[in-house]
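Once you have looked at the hints, place chain B on chain A.
Chain residues, written in single-letter form:
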Amino acid sequence: MNILETDSARLLTAVRTLLEQKGIVSTAEVMERMATTDAANPGQGGRMVAKAWVDPAYRALLLSDGTKAAEALGIMMRGMPPLGVLENTPEVHNLVVCTLCSCYPRAVLGYPPFWYKSASFRARAVRDPRELLASEWKTVIPDAVKVRVVDSTADYRWMVLPVRPAGTEGWDEARLARIVREGDMIGVTVPGI
Amino acid sequence: MFAAGETVRVKNEWPEALGPVHIRTPHYVRGEVGEIVRYLGDFPNPEDLAFARPAERRPLYHVRFLKGAIWPEAKPDDELLIEIFGHWLERP
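Line order of the protein sequences matches chains A and B. Quick note: the first sequence, position 25, residue 24 per numbering that gives the first Met the number 0, numbers continuous. Quick note: the second sequence, position 37, residue 36 per numbering that gives the first Met the number 0, numbers continuous.
One thing to keep in mind: the hints can contain errors.
To be verified - Derived DSS-like pairs (lysine-lysine); straight-line CA-CA distance at most 25 Å:
| id | chain 1 | residue 1 | chain 2 | residue 2 |
| --- | --- | --- | --- | --- |
| 1 | A | Lys-50 | A | Lys-67 |
| 2 | A | Lys-145 | B | Lys-74 |
| 3 | B | Lys-74 | A | Lys-137 |
| 4 | A | Lys-137 | A | Lys-116 |
Stated by the list, open to error - Computed footprint of chain B on chain A; a stretch qualifies when at least three of its residues, placed anywhere within it, have a C-beta under 8 Å from a C-beta of chain B:
| id | region |
| --- | --- |
| 5 | 119-129 |
| 6 | 147-159 |
The hints are simulated quantities; they were obtained by calculation from the structure and are not laboratory data. Note that beta-carbon positions come from the ideal geometry of N, C-alpha and C, so glycine has one too.
If we strip away everything but chain A, and leave its shape as in the complex, we get (with noise of 0.2 Å):
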């Protein structure tokens, strides 16, 4: 079999033909969405997660509207889920996960890690959180906090603000950015120093 000329491969070619002929979308939108697509990482949410710590007016529109703060920050939104983002405090610890498919915030952490996907990681999350999260990332939730586990089910995408940790007193945002991890957005895991 010639790898280059499956069956999908064609009705892709054939598909993308027939929207441009019928002006529903054009070559051009369709690489713009693949280059937002590939430039989508981590680093997006933990730029935003950084200015949300040291910039409190910042932080009010992420909590409020997660797609214009992305959006301020240059990151390209349209034709996105709207963007939700649920804040750690002290007394609540947000974990996202998708039970009927895989929602996850592509456009502010780009592609899921792999376990998002799984049915395991899935049905322990909304059933048994906290064990999932002690003993798969060793993140262990104080009994006094509060666990809120996100079903992501619908138009909604969300990401979750991680609490600033402790000793970053006076750290400028590139630097604080530089600790924020993939996991921390969605609540399996959260910062450190």
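This is chain B only, laid out in the frame that chain A set:
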């Protein structure tokens, strides 16, 4: 429309038993009581959108459930926060 703070019950309906469907309401909250946290906006009904039918825009809500009401093991006062369309909710 439902208001923030209002108590709601997810309809205990199982349309997947009747034929092909596309539903964004997880099975584990069907029939369960929760609380409206906030209205998220109107979105085309995915149950029609998935089948390329004309999709009416429907209100979407963030609904909070006490975890213990659904799975009593672990910590019952933890929460689940789920997006649920208004047509899946009723006043208990």
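Hints and how they fare:
For the hint pairing Lys-50/A with Lys-67/A, the CA-to-CA distance comes to about 14 Å; that is within 25 Å, so the pair holds. Taking the CA atoms of Lys-145/A and Lys-74/B, the gap is about 9 Å. The hint holds against a cut of 25 Å. Simply put, Lys-74/B and Lys-137/A have alpha-carbon atoms about 18 Å apart, close enough for the 25 Å limit, and the pair holds. A threshold of 25 Å between alpha carbons decides the hint, and for Lys-137/A with Lys-116/A the separation of about 20 Å falls inside it, so the pair holds.
Counting residues of the region 119-129 of chain A whose beta carbon lies closer than 8 Å to any beta carbon of chain B gives 5, which reaches the threshold of three, so the coverage claim holds. Requiring three or more residues with a Cβ within less than 8 Å of a Cβ of chain B, the coverage given for the region 147-159 of chain A holds, as 9 such residues are present.
Checked against the numbered hints given earlier, the structure satisfies every one of them.
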